[in-house]
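Residue numbers (the numbering used here), protein chains in the order written: chain A, 1 to 426; chain B, 1001 to 1285.
Because the hints were derived from the structure by calculation, they are not lab data.
A few of these clues could be false.
[Said to hold, decoys possible] The list that follows gives simulated cross-link-like pairs (lysine-lysine, BS3-like), each with its CA atoms no further than 27 Å apart:
#1 A/239 - B/1237
#2 A/304 - B/1067
#3 A/169 - B/1067
#4 A/63 - B/1280
#5 B/1237 - A/225
#6 A/63 - B/1004
#7 B/1067 - A/63
#8 B/1067 - A/426
#9 B/1124 - A/266
#10 A/418 - B/1124
#11 A/221 - B/1049
[Said to hold, decoys possible] If you want the footprint, here are the derived chain A segments under chain B, 3+ residues with CB under 8 Å:
#12 229-240
#13 398-411
Every residue, glycine too, gets a C-beta built ideally from N, C-alpha and C.
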Amino acid sequence: MKKLLVLMLVVILVSSVFAKITFWTTEVESNRMQRIRALATIFKAQTGIEVEVVPVEENDLLKQIPIAKNAGTLPDLLEGGIEPMLLLGSENFLDEDLATKIIMDFGDVYDGAARMLSNGEGKYYGIPFHAWVQGIWYRKDMFASQDLGDPITWYNIALAAKVLNDPAKGVYGIILPKKADAYAEQVFTEVALANGARPIDEMGNITFNTPEMIEAFRFYKELGKYSKPGFTTVLDALKGYLNGEAAMIFYSTYIMDDIAVEEVQKGRINKFNPELVKNTGFANKMINIRPTSYGQVVALGITKNANKEEVEKFVKFLMTDKNYVYWVHMAPGGMNPTRKSVAESDAFLDNPVLERYGKAKIAEIVAALDSVERFEFLNGKVITDMSKLSANFVIGKAINYMFANDWTPQQTAMWAQKEAEKILGK
Amino acid sequence: MSLKEKEAKFGWKLVLPTVILISLLILYPVIYNIYLSFFEVSISDAPNKFVGLGNYREILTDASFWKSFGITILFTFTTVVGSILLGLGVALLMNREFPGRNIVRALLLLPYVTPLIAIVFAWKYIFLPIDGPLMQFLAIFGMNPGNDFVNNPNNAFWVVSVFNIWRNFPFVYLMILSRLQSINSDYYEAAEIDGASDWQKFVHITLPELYFVIASVALLRGIWNFYKFDEVYLMSKFANTLPVYIYEKAFSGIPEQGVAAAIATILFVIMISLIGLYVKKVLKW
């Protein structure tokens, strides 16, 4: 009996010394998980605080939150894009005070990145952690052989897609997202904003039925004609480009290591094209009636029920010096630090992929974050309703149906309008 | 205390653990679900708000609920009839003697015993447009290899139905086969002496003998498929059956868990009454 008591006492003591936090990450790929687990191990060795790392698919993040809430297994910290963070923040899930304090403590977080997480009242829903920019990646060699201009304007993009599309030879003008997921919305956002179209205006009105929006759907459908058949997704686009199947794809800067590093490319398609880095161009903006660029900030959100002290330590651990560089180097080019001091440091640029693209190019990408546009932000205002439309994949579904049912751009826009009205109860 | 009373008491003691377990694992969630259906469930720290029959009113007037309901009934009907017909056919074939029968019988069980997720990925790969083996094969006969059967939202219903029939027919086949093997061969011999054809033997001997097995299997498969979530969701999120609809309501976008609970309650009531009717009329208990 005495032994048992002693044992129980030891167990209680040990478990109270080693506090524990749960961290949900959307970096679900095994090599990224390995790095994150390594960081968690180092953190535990330094502080005695255990971090349980849970991978969650990006498209499933919002679905997992209420399940976890009911099961009492909400994480202390979660990593995710702006849309889920704004939604969770507006639903009162996130600790805005602590997030704001950490941003202030750092003192060198890019304004543009932080602004995307603003709650509109001087505080931030989450801490901007890393960021990427999206654009069209294209085969410069194919473009040069047909004397085509850079795919920056709508006209150039459509022309190149048409001219370079040669299905008989297994080459497509473009691989376009057609499935109802987050990727379709990301690509369509850039297309729509280049035409001045937005789903929700400043007053909160739903504006899928405007001429600009219908025009954006028309352009998207036109590109679909010269795209690889099937309801293609982000992975189809990546593999297709690396395989030489596509002249253009929409992708984020995450593709940089897939293009440049033999090991990474072989992991995707089982072979390596050493010429691809040289032959690849990047269009970091799109213009029709106005220029726009698209990017994403991935943030860390601290939940209300978190172990505050431990989480703060862990966030600061992740976003400082060596640890931070180690994290963002898991996807060189794709993940860019949101702290100025780290983004400009030699340690960050000391990487085989980043070196190849050069300091100036990297600086250009990171700087673009101050000018990227999103449907959620308009004239300094946050439109939280947009997150609800994203969570229900309204744009993705509209695109999916447009191709599946051969809807006209008008029909597609009307469907999206009605669906959005239903979801927002307007 | 008389011996009978003592025995009764002992009997209760024996079943008590089961009763407690069932209450905890089944009755409590059912009752809690019914309780939740009267509330607007908050997903943050705010307390739940009582809305009375509001959730029920919202669902019963929601066109997309009735659409999902119709699709679910059609899905259940199609898959139950389909898997029974396929299972019956295969069972009749497997009831005959032929070389290698044991191996074929074992292979037939594969769809049912292979992990679901492995099968789903295999199907998706086979149907991949342009690159998928099936599409490349069909292209030889002039079909457009660019067709994307699995991911086309219009095909979702047929894809999940065919998939479900294919995955679950081995269960039906097993049940029917075991009954087939216990039919007394005297019946067939007597029928043969009377000059009955194969078809007449099937209709007048085999089918009546199989009646209760088929009826029970139909009931089980009906219940399972009415609530089928995993197979449907993994194959296509856009098949729009009710379990998927409940899941979307409860866990996606802004979750409406009170509404989802009300849908589950309505389904529960419908299911209980349908089962009662079926058991009385078809199984004749």
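Going down the list of hints, with the structure as the test:
1. For a cut-off of 27 Å, the pair hint linking residue 239 of chain A to residue 1237 of chain B stands: about 24 Å separates their Cα positions.
2. Distance restraint check for residue 304 of chain A and residue 1067 of chain B: the Cα-Cα separation of roughly 39 Å exceeds the 27 Å cut-off, and the hinted pair is therefore not satisfied.
3. As the CA atoms of residue 169 of chain A and residue 1067 of chain B are separated by approximately 44 Å, the hinted pair breaks the 27 Å bound.
4. Our distance criterion of 27 Å between C-alpha atoms is broken by residue 63 of chain A and residue 1280 of chain B, whose separation comes to about 41 Å.
5. Taking the CA atoms of residue 1237 of chain B and residue 225 of chain A, the gap is about 25 Å. The hint holds against a cut of 27 Å.
6. Between residue 63 of chain A and residue 1004 of chain B the alpha-carbon distance is near 55 Å, which puts this suggested pair outside the 27 Å criterion.
7. Straight-line distance between C-alpha atoms of residue 1067 of chain B and residue 63 of chain A comes to about 23 Å, which keeps the hinted pair within the 27 Å bound.
8. Restraint check for residue 1067 of chain B and residue 426 of chain A: the C-alpha separation of about 22 Å stays at or below 27 Å, so the hint holds.
9. Taking the CA atoms of residue 1124 of chain B and residue 266 of chain A, the gap is about 23 Å. The hint holds against a cut of 27 Å.
10. Note on residue 418 of chain A and residue 1124 of chain B: the hinted pairing is violated, with a Cα-Cα distance of about 32 Å set against a maximum of 27 Å.
11. The suggested pairing of residue 221 of chain A with residue 1049 of chain B is violated, with an alpha-carbon distance near 45 Å, which exceeds 27 Å.
12. Chain B is given as covering the segment 229-240 of chain A, and this holds because 3 residues of the stretch bring a CB closer than 8 Å to a CB of that chain, at least three being needed.
13. With 4 residues having a Cβ less than 8 Å from any Cβ of chain B, the segment 398-411 of chain A passes the three-residue criterion, so the hint holds.
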